[in-house]
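Start from the sequences, fold in the hints, and give me the full structure.
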Amino acid sequence: MIWVDTILQGILLGGLYALFAAGLSLVFGIMRLVNLAHGDLIVLGAYLILLLVTMTGLSPFLAAAIAIPLMFMLGYGLQKFMLNRVLGDDILPPLLVTFGLSVVLQNALLEGFSADSQRLPAGTLSTASVEVAGINLGVLPLLTFASAVLVIVGLNQLFYRTSLGRAFRATSDDATTASLMGIKPASIFAKATSIAMIIVTIAALYLGMRSNFDPNIGPARLIYAFEAVIIGGLGSLWGTLAGGIIIGVAQTVGAAINPEWQILAGHVAFLIVLLIRPRGLFPRAVD
Amino acid sequence: MADQTNTTPYAAHTGTNASRVAGVLALGLIVVLVALPAFASRSLIQDMFFILTMLVLAQFWNLLAGYGGLVSIGQQAFVGIGAYAMFGVVILAGLDPIPAILLGGVIAVLLAIPTAFFAFRLQGAYFAIGTWVIAEVVRLVVSQWQAVGGGTGTSLPRSATRELWFADAIENLFGVRSAAARDILSYWLAVILAVATIGGIYWLLRTRRGLALAAVRDNIEAAKSVGVDATRMKWIVFLVAAFGTGLTGALIYLQKARISPDAAFSVQDWTAYVIFIVVIGGIGTIEGPIIGVLVFFILQSLLADYGTWYLMLLGVIGIIIMLFAPRGLWGLISDRTGVELFPVRRRLTGGRLGQQKSPNNKTE
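Which chain is which? The protein sequence lines are C and S, in order.
Quick note on numbering: the first sequence equals residues 1 to 287 in our numbering.
Quick note on numbering: the second sequence equals residues 1 to 364 in our numbering.
Simulated from the structure, these hints should not be mistaken for laboratory data.
Cβ coordinates follow ideal geometry from the N, Cα and C atoms, glycine included.
Heads up, a few of these hints could be off.
[Stated by the list, open to error] Covered stretches of chain C (in silico footprint by chain S; criterion: 3 or more residues with CB under 8 Å from a CB of chain S, positions within the stretch not fixed):
#1 95-103
#2 133-143
#3 256-264
#4 270-276
[Stated by the list, open to error] Partial pick of chain S residues on the chain C-facing surface, computed with a CB cut under 8 Å:
#5 F118
#6 A128
#7 A272
#8 L323
Following this line, the structure appears as structure tokens:
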């Protein structure tokens, strides 16, 4: 029974990792940009929510609702004024610019909030649990997982049911031809990054309520997100959820065997998938 | 046809006047660097050691990213494993640290083989994060290695640092104590390593392999179509960079004499700084990292007390350079003046070209 419990916890943890990964996957899918500051942007989102909670006394959920439009605008500006300038055939400039951004964000947060670890006050929610067939499941992990599923359903609807989604797909396939049809790739990219920042803020909300965070944890979140995307296969959002679950289960099972093996087990699971299925479990994109 | 009989035969050259002057100056500089411990303070020697080792790391990262198109964020894996291999054989097998440094390079290559096997399955930016994941795996595994202190780390045994090869001779020569002698010895090894690295990379880039490498970087499909084995070039560059990075890691930790997994596998110290050095100086040139490391050292000396502000400034400078001057400071200088200190471009001279009145060709 303890193993069933461990695996269930791992699956729910995978929901959090899928939330980390969905934004990364979206941006990569549309503009082939890997944002090395993705993890730090999640941490920035968590601090923004924390700031709003402390200033106004709102619950973290309401604070996140205020943070979402702010992060949305930040994403728009970031893409329009910085990242669009470095996109191109050469992968080096966007990598190095987002790497620089990662270092700037980490140290700006250190300067502003110190290295002390923080947590979003979740009240009774943090300890609430429901019993399903003799197993206690935390309400917060369940909520996280449900949010991840909702985000992925929402993104799929956006991609395949709306004209913006059509523009996303067209730009992703061939930006030059799309621009002949009246689509402005630069503006599409800015919208995509803005939407990714909404997901980043949702991920930040659950990250902050579920565990302690400090300015230095961004890169590790980036790595988990990246592993989930690669395991799932590029271009598949449901694959990304599966990838998150695999990392989550590997980590909880690893931790159950030896607490020091938690992170290592997640990485090893990633390497095993890379070894047997180099293109991920559900590859869709050709590259 | 008559005019052709008077012309010199066609030939390809890479040298320029500036490169010949630079060669002479470099020889002079090497002499000064070698003689430095005779009149410099211990802190200057330590600063020079830092500059030279960062320069070597930057040259190898530049070889990877600037010439090989392999943007790695996992080079700290090789710094750390080189250093830990050196500590391991010194502590467990009682080997002298100097030969153990070489072993550090060899072990780094052994680690690079499976690393490349995994990471080469990932393209472009995903390769970058893939190398980072592997570096994390190595750090976590080494943290479990209790014989070298596990997660908290360990120090080189007193006996090993005292009885270092050549240390006695240096103590007598300069009349210094054993810790200072170790600094001087490490410094000399760093000078040798830096000269060998720059010379070796310059030599590699001027050979046929170097030409193939540049072709792969500029256009991989075109390079393949003229018979360049792109995969093989990537393997060569990755393994060479791992060897050099491992050697440097072992040397850095010989001088520090104390190691811990978090320090030896630090992404900030051994990869982030190195990337900024290369980007600020100018990626894809040998001159770039040299300028970059000097700028980096000056910034660090001026601003290190400000900690986070200093790192933020480094990040901002890196972003600005990438946005507005993607070829770095050396790119700006070279574009304005046309100077190349380590030219690798082949220029055709002789024949009818020799008769054209071009100021560049007069000198050939």
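> How about A272/S: closest beta carbon in chain C under 8 Å, or not?
Replying inline: holds, 6 Å
>> If you count the residues of the region 95-103 of chain C with a beta-carbon closer than 8 Å to a beta-carbon of chain S, do you get 3 or more?
In response: holds (count 8)
> Is the hint on F118/S kept, meaning its closest Cβ partner in chain C is under 8 Å away?
Replying inline: This interface hint holds because 6 Å falls under the 8 Å limit.
>> Next item in the hint list is L323/S. Is there a CB on chain C closer than 8 Å to its CB?
In response: holds, 6 Å
> At a threshold of 8 Å, is the proposed contact between A128/S and chain C supported by beta-carbon distances?
Replying inline: It holds, given that the least Cβ distance between A128/S and chain C is near 6 Å, below 8 Å.
>> Using C-beta distances, would you say chain S covers the region 270-276 of chain C, given that this needs three or more residues below 8 Å?
In response: holds (count 4)
> Under a C-beta cut-off of less than 8 Å, do 3 or more residues of the region 133-143 of chain C approach chain S closely enough to confirm the stated coverage?
Replying inline: With 0 residues close enough to chain S, the hint is violated.
>> If you count the residues of the region 256-264 of chain C with a beta-carbon closer than 8 Å to a beta-carbon of chain S, do you get 3 or more?
In response: With 3 residues in contact (Cβ-Cβ under 8 Å with chain S), the coverage given for the region 256-264 of chain C holds.
Checked against the numbered hints given earlier, this structure breaks only hint 2.
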